[in-house]
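Whole structure, please, built from the sequences with the hints as guidance.
There are 2 protein chains.
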Amino acid sequence: MTSSEINNFDTRLLKIALNIARRGIGLTGPNPSVGCVITYGQTIIGRGCTSINGRPHAEIVAMEQAKRHYLYQTSEKKEKINVYTTLEPCAHDDTTPSCAKELIKFGADRVIFLLKDPDERTQGKGANILKSAGIDCINAKIFKEEMLDIVGGYLKRKKENKPFVSLKIASSINGKIGTIKGESKWISGDLSRKKVQLIRSNHDAILVGKKTVLRDNPRLNLREEYQNIPQKFVFILDANLSIPYSKKLKIIKFNQKEKIYVFTKKNCDKAKINQIRKLGLNPIQIGKKKGKLDISEILLKIGSLGINKLLVEGGSSIWTSFIKEAFFDEIIIFWGNNILNGTAMPTFNDFLPVNTRIKTFPRLKLKYIKNWVDDIEAVWQPTTQET
Amino acid sequence: MTSSEINNFDTRLLKIALNIARRGIGLTGPNPSVGCVITYGQTIIGRGCTSINGRPHAEIVAMEQAKRHYLYQTSEKKEKINVYTTLEPCAHDDTTPSCAKELIKFGADRVIFLLKDPDERTQGKGANILKSAGIDCINAKIFKEEMLDIVGGYLKRKKENKPFVSLKIASSINGKIGTIKGESKWISGDLSRKKVQLIRSNHDAILVGKKTVLRDNPRLNLREEYQNIPQKFVFILDANLSIPYSKKLKIIKFNQKEKIYVFTKKNCDKAKINQIRKLGLNPIQIGKKKGKLDISEILLKIGSLGINKLLVEGGSSIWTSFIKEAFFDEIIIFWGNNILNGTAMPTFNDFLPVNTRIKTFPRLKLKYIKNWVDDIEAVWQPTTQET
Chain A
1 MTSSEINNFD
11 TRLLKIALNI
21 ARRGIGLTGP
31 NPSVGCVITY
41 GQTIIGRGCT
51 SINGRPHAEI
61 VAMEQAKRHY
71 LYQTSEKKEK
81 INVYTTLEPC
91 AHDDTTPSCA
101 KELIKFGADR
111 VIFLLKDPDE
121 RTQGKGANIL
131 KSAGIDCINA
141 KIFKEEMLDI
151 VGGYLKRKKE
161 NKPFVSLKIA
171 SSINGKIGTI
181 KGESKWISGD
191 LSRKKVQLIR
201 SNHDAILVGK
211 KTVLRDNPRL
221 NLREEYQNIP
231 QKFVFILDAN
241 LSIPYSKKLK
251 IIKFNQKEKI
261 YVFTKKNCDK
271 AKINQIRKLG
281 LNPIQIGKKK
291 GKLDISEILL
301 KIGSLGINKL
311 LVEGGSSIWT
321 SFIKEAFFDE
331 IIIFWGNNIL
341 NGTAMPTFND
351 FLPVNTRIKT
361 FPRLKLKYIK
371 NWVDDIEAVW
381 QPTTQET
Chain B
1 MTSSEINNFD
11 TRLLKIALNI
21 ARRGIGLTGP
31 NPSVGCVITY
41 GQTIIGRGCT
51 SINGRPHAEI
61 VAMEQAKRHY
71 LYQTSEKKEK
81 INVYTTLEPC
91 AHDDTTPSCA
101 KELIKFGADR
111 VIFLLKDPDE
121 RTQGKGANIL
131 KSAGIDCINA
141 KIFKEEMLDI
151 VGGYLKRKKE
161 NKPFVSLKIA
171 SSINGKIGTI
181 KGESKWISGD
191 LSRKKVQLIR
201 SNHDAILVGK
211 KTVLRDNPRL
221 NLREEYQNIP
231 QKFVFILDAN
241 LSIPYSKKLK
251 IIKFNQKEKI
261 YVFTKKNCDK
271 AKINQIRKLG
281 LNPIQIGKKK
291 GKLDISEILL
301 KIGSLGINKL
311 LVEGGSSIWT
321 SFIKEAFFDE
331 IIIFWGNNIL
341 NGTAMPTFND
351 FLPVNTRIKT
361 FPRLKLKYIK
371 NWVDDIEAVW
381 QPTTQET
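Chains as they are written, first to last, in our numbering: chain A, 1 to 387; chain B, 1 to 387.
There could be a bad hint or two in this list.
If chains are identical, the list can't say which one is meant, so a pair holds when it fits in one copy or spans any two.
[Said to hold, decoys possible] DSSO-like mimics (lysine-lysine), calculated; alpha carbons at most 30 Å apart, straight line: (1) K365 - K168; (2) K292 - K15; (3) K370 - K259; (4) K80 - K131; (5) K248 - K272; (6) K359 - K185.
Just so you know, these hints were derived from the structure itself, not from any lab.
Given below as structure tokens:
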């Protein structure tokens, strides 16, 4: 966890940069949330987090602040200017010059970051630009687990062109997500549902199946203290377009239409497709695999839209499809404090042959556990996670 | 939480007595586990816990130890002798004189206890005997919750003639206790199963249904570090005597036969009943209620055997019967770190009509939560617990 080139002060400042990066989780898509701190000697003169929707970058925000600081403006420079940033500064000029070039102009003496940017336009080039300009540029390579929590989705998308996938489930103690009639309000308590708002805000998009829409007519928007943050993308899986799309549908009523995508099979009824378009939503036709919409193709499409983290909110059939092909990076389960009938709605359907032995079923790693009054929240990850 | 008659030193000593009482949980049946500390002024001169199988009582054990202490043996008595005991000293002479009488002979100056003994032979009489002898006897009435954890089973049996009932369940994350073929080894991990041994040791008896015996042929004994503690009572529910009782059955092989009881319906096949008796087990014939063995009658019978705490180890049908009539005081659930098919064995069967609304299903209170590596243990209690 230590580098020979960085000292304890550096480590502390990188930790501050990490905490700043945490502020932007779920808000900076398609870019990762980055945190940056600039010091003049041991005095912090600038801080920045990647802005909403990704630009300006954290370094630019921090430099803007630092430029207004009297220590930066002083004519006689006595101390070094250190820049601590969680991700390698970018190398590519876009609407604005690259962060690497801006840092040179700014007069940075040292630049310390935690992780090489996997974006092909940077990938070490940012560090090289800085080094070529004589700046002491260090990849500290520490806080890897913390970084995974903050930019895991971005890293996965850069590597596999697919988003990080979280399955979010609310079930009774005995694994039931609703009564046999489909009633599910409310299995989990007030605080759990408040936590779900926070979880939604940490993701870039929400995905649901047609049965959930037909049964629950959910809003899927961000509410209360989260209502002012940018709208999440919403994906609906509806192979045969069996949802009656209209302005009455709560998903349409409570979300920006251009951010709603409907995945449907190829050769779908054209009139229905047109109706969806007319409502302002985006229909996308997807191939099938073993009779069901091809989840892999869907995830590639979602990745191509710049979605880093996808929250799959159900229901059973959808979660089962994701489990079946191991297309998930996290299962977030809320157990409400109730028990339901044995024939009530199950969390998952069958995903392996019925005669499969116990040892063959997937084992998960418990990452987090917390109770919300009488409910329990647990986060599980696949045991062979490759992200 | 404070009494006007006791000081901080007394409270601290009562806490020590409580911790001593904890040592005997599950070992002292049919008696409750009691802890006792005796001081000469501020010096502890004796400690005692109720002995295995209930006798001698904690006070007797503590007095025996104190009598050997040099401060007790000193000719010139300068300090008061204080006795701190978790339960009111008993008033009834049995094979030995009552604790109250022994404490008078011993020369106690003050006796402080936490809870009046609900046993009809004591119920305040113990305190009265002490007071009549001029001893300062105080019911501190504090640490009620802690006492409930230690003697809750005893209190329930004294009040309702039925034991405190814990349902112990091991399920997958999605609420399945075995595959559709009945395989359940192992859903939970090593540490969870070790904890189950501790839970068994804290109960006086274990109850299982016939299906569990037929499918798993479980040992139900105490193993490893618990193997030397007294054998627990084992109750099997087998209305039609469908288990082939023989010496090969692991329950019979690994447990004292005289502590095994088989609950069966009335008018059962006499030859089968005789065979059970010949094996050394105890058959008990029970009436039916709505086509199933009457659980209330079974619990009264178990209570009459002096069982304070009963651990119901399953399976689904048995747990469902207990849930249906709200005959449980605690649900102890272990979630293993796996997920199983939707058609695998459920935790509970239906216990309310299928059209029951969510709000009508029982809500539970989360009492305890802990993870064992990747498993989760949670303890739930009914929200309107009357124990």
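To see whether the hints hold, each was checked on the structure:
1. Taking the shortest Cα distances, K365 and K168 sit within 30 Å of each other both inside one copy (16 Å) and across copies (23 Å).
2. Proximity of K292 and K15 under a CA criterion of 30 Å is satisfied in neither setting, with 45 Å inside one chain copy and 63 Å between copies.
3. Proximity of K370 and K259 under a CA criterion of 30 Å is satisfied in neither setting, with 33 Å inside one chain copy and 41 Å between copies.
4. For the homomeric pair K80 and K131, the shortest alpha-carbon distance inside one copy (16 Å) is at most 30 Å, but the shortest distance between copies (81 Å) is not.
5. Only within a single protomer do K248 and K272 lie at most 30 Å apart by alpha-carbon distance; the minimum there is 16 Å, versus 67 Å between protomers.
6. Taking CA atoms no more than 30 Å apart as the test, K359 paired with K185 passes between copies only; the shortest distance there is 9 Å, against 35 Å inside one copy.
Comparing the model with each earlier hint shows violations of hints 2, 3; every other hint is respected.
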